[in-house]
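J.: One-letter residues, chain by chain:
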Amino acid sequence: MTIIQLENVHKSFGALKVLDGVSFSVNKGEVFAIIGRSGSGKSTALRCIDRLERIDQGKIQVAGHEVSDPNLDPRQLRRDVGIVFQSYNLFPHLTVAENIALAPRHSKGKTRAEARDLTDRVLAQVGLSDKANNYPEQLSGGQQQRVAIARSLAMEPQVMLFDEVTSALDPQLTAEVLKVMADLAAGGMTMVLVTHEMAFARNVATTTLFMHHGRVWEQGGPEMFDRPQTAELHQFLGFGL
Amino acid sequence: MSFGFNSNHLMFLLQGAGWTLVLSLMAFVGGGLVGFLVALCRVSPNRTLRYFSIAYVQLIQGTPLLILMFLTYFGLSILGLTLPAIVAAGLSMTVYVSAYIGEIWRGCIQAVPRTQWEAAECLALSRVQRMRLVVLPQALRIATPPTVGFMVQIVKNTSLASVVGFVELARAGQVVNNSIFEPLIVYMLTAGLYFLLCFPLSWWSRQLEHRLLVTQRIEVSAI
Numbered sequence: 001m002t003i004i005q006l007e008n009v010h011k012s013f014g015a016l017k018v019l020d021g022v023s024f025s026v027n028k029g030e031v032f033a034i035i036g037r038s039g040s041g042k043s044t045a046l047r048c049i050d051r052l053e054r055i056d057q058g059k060i061q062v063a064g065h066e067v068s069d070p071n072l073d074p075r076q077l078r079r080d081v082g083i084v085f086q087s088y089n090l091f092p093h094l095t096v097a098e099n100i101a102l103a104p105r106h107s108k109g110k111t112r113a114e115a116r117d118l119t120d121r122v123l124a125q126v127g128l129s130d131k132a133n134n135y136p137e138q139l140s141g142g143q144q145q146r147v148a149i150a151r152s153l154a155m156e157p158q159v160m161l162f163d164e165v166t167s168a169l170d171p172q173l174t175a176e177v178l179k180v181m182a183d184l185a186a187g188g189m190t191m192v193l194v195t196h197e198m199a200f201a202r203n204v205a206t207t208t209l210f211m212h213h214g215r216v217w218e219q220g221g222p223e224m225f226d227r228p229q230t231a232e233l234h235q236f237l238g239f240g241l
Numbered sequence: 001m002s003f004g005f006n007s008n009h010l011m012f013l014l015q016g017a018g019w020t021l022v023l024s025l026m027a028f029v030g031g032g033l034v035g036f037l038v039a040l041c042r043v044s045p046n047r048t049l050r051y052f053s054i055a056y057v058q059l060i061q062g063t064p065l066l067i068l069m070f071l072t073y074f075g076l077s078i079l080g081l082t083l084p085a086i087v088a089a090g091l092s093m094t095v096y097v098s099a100y101i102g103e104i105w106r107g108c109i110q111a112v113p114r115t116q117w118e119a120a121e122c123l124a125l126s127r128v129q130r131m132r133l134v135v136l137p138q139a140l141r142i143a144t145p146p147t148v149g150f151m152v153q154i155v156k157n158t159s160l161a162s163v164v165g166f167v168e169l170a171r172a173g174q175v176v177n178n179s180i181f182e183p184l185i186v187y188m189l190t191a192g193l194y195f196l197l198c199f200p201l202s203w204w205s206r207q208l209e210h211r212l213l214v215t216q217r218i219e220v221s222a223i
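First to last, the sequence lines map onto chains A and B. Under my numbering, the first residue of the first sequence is numbered 1, with each subsequent residue one higher. Under my numbering, the first residue of the second sequence is numbered 1, with each subsequent residue one higher.
Hints are computed from structural coordinates only; laboratory data are not their basis. None of the values given here were measured: they were computed from a predicted structure. Check each hint, because a few of them may be wrong.
[To be verified] Across the chosen pairs, the derived CB separations fall in these ranges:
1. A/Arg75 / B/Gln61: 54 to 60 Å
2. B/Val29 / A/His213: 54 to 60 Å
3. A/Gln76 / B/Val29: 37 to 43 Å
4. B/Thr63 / A/Gln76: 54 to 60 Å
5. A/Gln138 / B/Leu81: 53 to 59 Å
6. A/Arg75 / B/Leu21: 45 to 51 Å
7. A/Arg112 / B/Val175: 55 to 61 Å
8. A/Pro74 / B/Arg206: 41 to 47 Å
9. B/Leu213 / A/Ser38: 29 to 35 Å
10. B/Leu37 / A/Gly220: 55 to 61 Å
11. B/Leu213 / A/His213: 54 to 60 Å
Idealized CB from N, CA, C, for every residue including glycine.
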């Protein structure tokens with residue numbers, strides 16, 4: 001069952017064409033990795049899915065929402081789609097538990113008790129139950145990123161988007177974040193991740209998409225990493241691994 | 001020196017200092033309330049509100065407080081609206097403070113990183129919720145040092161209310177001096193009392209600023 005569908009999506013920033021007719025679809029429960037060089041349009045594609053960027057042309061459907069419809073209420077979309085950023089973007093004035101409970105309380109109208117249960121559950125899921133009362137600045141980068149993942153999970157989304165979530169972390173912290181993401185994938189969460197972690201994409205992703213010059217250049221399963229069809233992916237993997 | 005400075009004069013000055021405090025408080029509360037609205041309008045997505053608030057700020061910042069005082073006290077009375085000196089002074093101070101503090105607070109709201117807005121947006125919070133729950137609490141922390149610092153300006157500028165006959169500290173100094181002709185002593189004392197009102201504020205502001213810098217440094221090093 002398709003949960004995300006992009007059809008011939010075009011997006012420019014001024015004179016710069018970032019997405020040049022991108023089409024792909026993601027099935028429910030799939031772990032979908034997008035790889036490619038910096039500037040290939042992979043992050044922009046992800047941001048378009050969550051409507052952080054408006055597209056110029058084409059069609060995007062996500063979890064039953066017409067993202068490309070100008071009349072869409074973005075709040076409806078974002079109740080079903082979670083996103084985690086490279087820079088965590090936790091709220092520094094709130095504790096970990098408050099960061100997590102904020103949106104369920106105010107956007108989904110959960111009671112205090114419901115929100116607390118939810119917070120306990122997602123914190124256990126990312127292995128940070130003991131940090132509920134800490135402030136973000138008291139945590140390591142890896143822990144902050146796991147809190148950010150927990151915060152998105154607390155919205156009980158149908159799809160989770162990850163935008164280069166380990167790019168700011170050292171290898172050890174990267175590993176702990178990837179572990180959480182692998183657990184999520186094993187739990188059946190639909191995930192779209194823009195990543196530079198080739199090993200993770202190869203081992204965890206069901207489908208990997210290689211973007212180049214704003215286009216879908218190559219797409220396939222894990223075997224794509226061993227037998228790239230295009231010269232560009234071949235070269236990219238050669239430099240990337 | 002037989003009719004020199006005595007305790008009655010000192011009491012009179014202290015009373016004036018008390019009224020300076022009252023007027024400062026009126027200015028801060030009134031100016032803060034209006035200024036908060038000005039700051040919200042300045043960052044509003046609504047173009048009309050934005051332009052209107054810019055015009056307001058420019059108009060007030062381009063007008064001397066002294067003239068605002070004349071306008072509210074003498075100008076309005078021509079229109080049949082005669083205000084007591086303290087109300088006229090409080091009103092002009094409110095208008096004056098709102099234009100400046102509104103701009104200070106706008107800067108503080110805009111100093112909260114865009115990524116915080118974005119993160120809140122992606123959690124399906126409405127614009128009002130993003131502002132109230134995420135941005136304003138962080139802006140408040142940034143705003144505290146410059147706001148307290150600006151309170152020093154408020155206290156000092158209340159001295160202009162003497163021109164509409166309101167007997168605050170500056171006017172009290174004039175009155176005492178007019179009776180004993182000891183300008184050096186009287187105005188030194190007046191200045192000293194202003195200093196006593198202002199110094200704790202500027203000291204507090206510096207402390208707050210220091211504390212803010214320290215926490216920011218911790219945050220930066222943690223990333």
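J.: Hint by hint, say whether it matches the structure.
T.: Each hint, compared with the structure:
no.	hint	verdict
1	A/Arg75 / B/Gln61: 54 to 60 Å	38 Å, violated
2	B/Val29 / A/His213: 54 to 60 Å	59 Å, holds
3	A/Gln76 / B/Val29: 37 to 43 Å	41 Å, holds
4	B/Thr63 / A/Gln76: 54 to 60 Å	47 Å, violated
5	A/Gln138 / B/Leu81: 53 to 59 Å	57 Å, holds
6	A/Arg75 / B/Leu21: 45 to 51 Å	47 Å, holds
7	A/Arg112 / B/Val175: 55 to 61 Å	59 Å, holds
8	A/Pro74 / B/Arg206: 41 to 47 Å	43 Å, holds
9	B/Leu213 / A/Ser38: 29 to 35 Å	34 Å, holds
10	B/Leu37 / A/Gly220: 55 to 61 Å	57 Å, holds
11	B/Leu213 / A/His213: 54 to 60 Å	45 Å, violated
When each numbered hint is compared with the structure, violations occur for hints 1, 4, 11.
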